[in-house]
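J.: As you go down the protein sequences, you meet chains E and F in turn.
Mind the numbering: the first sequence is residues 1 to 249 in our numbering, read in order.
Mind the numbering: the second sequence is residues 1 to 273 in our numbering, read in order.
Possibly wrong hints are sitting among the right ones.
One-sided excerpt, in silico: chain F residues whose CB lies under 8 Å from chain E [what the hints assert, rightly or not]:
#1 T160
#2 S245
#3 I246
#4 Q266
Hint data in this document are derived by calculation from the structure and do not stem from the laboratory.
None of these values were measured; they are calculated from a predicted model.
Quick reminder that beta carbons are idealized off the backbone N, C-alpha and C, glycines included.
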Amino acid sequence: MKTRASTGKTRASTGILGGLLLAALGVAFAVPALASPMKYSATLVTDIKVGERRYHNAAVTITFVGDTNDIAAVVDKQGNQITSTFCTPGTGWFFWLTKGSASFSVQSQGRILQGHFESGQLFVALDACNGGIGFGSYTGPTGMEVAYPVAYALGTAMTVAVTSGLWSPAHMSGNAWSCIGFPPQGAGNLPSNNGFCIDPSSYPLHSDVGDVFVYQPYNLDNSDGSIIGNHVGALNRGTFSITPASGEE
Amino acid sequence: MTIASCRWISKIALASMIAAAASASASPVVYTLRTVADGKLGSYVFAEALVTIRMKADTGTVQKQPSSNAGGYLYTNSVGTVTVSVTDASGTTKVATFAPGEVYVRYDSGLGIAGFGSALSPSYPVALDCDDVAYPSNATYVQDCLQSDWAGNFNEYNGTLSALTDPGLAAFREVLSPELASLPQNLSQSTLLTGQAHSCATTYTVGPTLGFFIIGDLSVCAGPASRGLRTDHGGFFLQDQVGGSITPFNPIGWGGWGASNTGSLQIEVMTAD
Numbered sequence: 001m002k003t004r005a006s007t008g009k010t011r012a013s014t015g016i017l018g019g020l021l022l023a024a025l026g027v028a029f030a031v032p033a034l035a036s037p038m039k040y041s042a043t044l045v046t047d048i049k050v051g052e053r054r055y056h057n058a059a060v061t062i063t064f065v066g067d068t069n070d071i072a073a074v075v076d077k078q079g080n081q082i083t084s085t086f087c088t089p090g091t092g093w094f095f096w097l098t099k100g101s102a103s104f105s106v107q108s109q110g111r112i113l114q115g116h117f118e119s120g121q122l123f124v125a126l127d128a129c130n131g132g133i134g135f136g137s138y139t140g141p142t143g144m145e146v147a148y149p150v151a152y153a154l155g156t157a158m159t160v161a162v163t164s165g166l167w168s169p170a171h172m173s174g175n176a177w178s179c180i181g182f183p184p185q186g187a188g189n190l191p192s193n194n195g196f197c198i199d200p201s202s203y204p205l206h207s208d209v210g211d212v213f214v215y216q217p218y219n220l221d222n223s224d225g226s227i228i229g230n231h232v233g234a235l236n237r238g239t240f241s242i243t244p245a246s247g248e249e
Numbered sequence: 001m002t003i004a005s006c007r008w009i010s011k012i013a014l015a016s017m018i019a020a021a022a023s024a025s026a027s028p029v030v031y032t033l034r035t036v037a038d039g040k041l042g043s044y045v046f047a048e049a050l051v052t053i054r055m056k057a058d059t060g061t062v063q064k065q066p067s068s069n070a071g072g073y074l075y076t077n078s079v080g081t082v083t084v085s086v087t088d089a090s091g092t093t094k095v096a097t098f099a100p101g102e103v104y105v106r107y108d109s110g111l112g113i114a115g116f117g118s119a120l121s122p123s124y125p126v127a128l129d130c131d132d133v134a135y136p137s138n139a140t141y142v143q144d145c146l147q148s149d150w151a152g153n154f155n156e157y158n159g160t161l162s163a164l165t166d167p168g169l170a171a172f173r174e175v176l177s178p179e180l181a182s183l184p185q186n187l188s189q190s191t192l193l194t195g196q197a198h199s200c201a202t203t204y205t206v207g208p209t210l211g212f213f214i215i216g217d218l219s220v221c222a223g224p225a226s227r228g229l230r231t232d233h234g235g236f237f238l239q240d241q242v243g244g245s246i247t248p249f250n251p252i253g254w255g256g257w258g259a260s261n262t263g264s265l266q267i268e269v270m271t272a273d
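Please take these sequences and the hints and turn them into a complete structure.
T.: Structure representation (structure tokens):
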């Protein structure tokens with residue numbers, strides 16, 4: 001019988017991929033004394049609305065430039081790190097990078113639209129317990145979304161999330177979620193949204209070229225229209241990259 | 001004028017009309033496959049790099065024939081310029097252009113497999129949504145990608161390719177979202193085809209199934225292609241070093257092909273505006 005599962009992951013050592021990269025480049029750093037400007041980029045083909053124009057199956061890239069020294073554990077109101085009930089207590093932390101600048105590009109019909117998000121809306125998100133990585137934002141009905149405008153589950157993105165995380169250069173691929181209300185089926189102590197992602201149309205991300213709305217059109221649903229699972233319900237696929245900001249061309 | 005000559009002229013006229021109609025309906029199209037992969041371009045070796053293969057073509061040169069799986073079609077387009085872009089973890093990007101005819105875009109809507117093929121293999125350099133289980137059996141597995149994953153792994157859909165193709169969906173009381181259900185299934189209309197990525201000219205090693213739920217006993221690509229695909233920057237090789245080899249990790253044991261690389265093939269027909 002076909003069944004569906006929900007979520008999971010663990011924290012692992014950081015710097016494995018970065019170590020390989022630095023070795024390949026013949027470079028050694030005294031970790032973590034130096035600042036490490038890093039560029040985080042997500043690319044996927046999806047529906048997006050910018051200003052009054054909606055693009056269908058456009059190639060969308062969202063980029064965030066920050067510094068690995070600013071990556072911080074997500075804490076609750078008492079300042080305690082947030083754990084996941086799916087991981088061994090004391091090891092399953094959530095991390096984010098909130099300081100930085102975010103931009104995007106939309107490629108459609110041979111044209112490229114570029115814009116910059118207003119500051120303080122997006123953050124880079126890492127769930128080192130359950131294997132999620134991508135961009136979250138301060139929007140939605142609760143004021144914080146971990147998988148909107150886009151985050152990844154499963155695939156090699158999951159492996160990077162539980163190993164080198166946000167700290168080291170890497171490219172990865174996985175299931176692309178653009179979901180307000182993630183995880184739709186609930187997980188551990190995270191509440192369910194009755195299996196649905198919330199229509200983003202009421203939650204604009206503001207940019208210098210108009211409000212931005214990212215949609216998630218390609219899902220596998222239950223007969224009531226709810227998404228079948230927190231990992232496998234999204235059938236879109238995309239890539240996520242972490243590269244040294246100094247390496248930009 | 002004889003009846004025979006009139007028929008001959010009529011055939012010429014008809015052929016001209018068909019050609020004109022085909023020309024009128026043909027449109028520029030761009031096929032873009034994005035994934036992460038391991039390989040080599042000339043002397044440049046890369047691991048887990050962003051790989052983008054892009055073909056600029058015309059819908060008028062799409063070929064169509066029945067799929068080996070009844071009800072679908074095998075679409076190919078081999079006329080156009082194909083480039084490959086590789087970006088490594090340092091952010092360095094290399095771009096090369098394939099020799100004419102070296103690779104072609106391919107979509108088998110009957111099987112639910114799409115990607116770029118070559119003379120080395122119809123599923124190489126990249127195919128999306130191939131079976132992750134050795135097929136027909138461990139002993140007789142000699143060519144990768146003879147069937148798609150939904151046929152060998154009923155447990156899960158690994159992208160839009162499987163979901164659009166599997167006739168058994170209703171048995172699980174699952175439905176496609178309306179936007180997914182309306183995606184065109186050919187190489188002549190704009191669409192999006194996604195799935196797990198196989199990039200192997202030979203065969204994958206066969207081992208135990210790792211992980212759970214998303215199953216498959218194939219591990220990593222066993223060997224390189226017999227030759228590089230010809231580009232203006234030297235031979236291009238892909239050899240998947242991740243595949244289904246990732247050992248499951250806690251807390252719930254995702255791993256194997258659940259932790260493989262994935263890819264998407266974007267088909268964008270260019271409209272007049």
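J.: So, for every hint listed, does it hold in this structure?
T.: Taking the hints in turn, this is what the structure says about them:
1. T160: holds (5 Å)
2. S245: violated (11 Å)
3. I246: holds (6 Å)
4. Q266: holds (5 Å)
Hint 2 alone, counting from the list given before, is not met by this structure.
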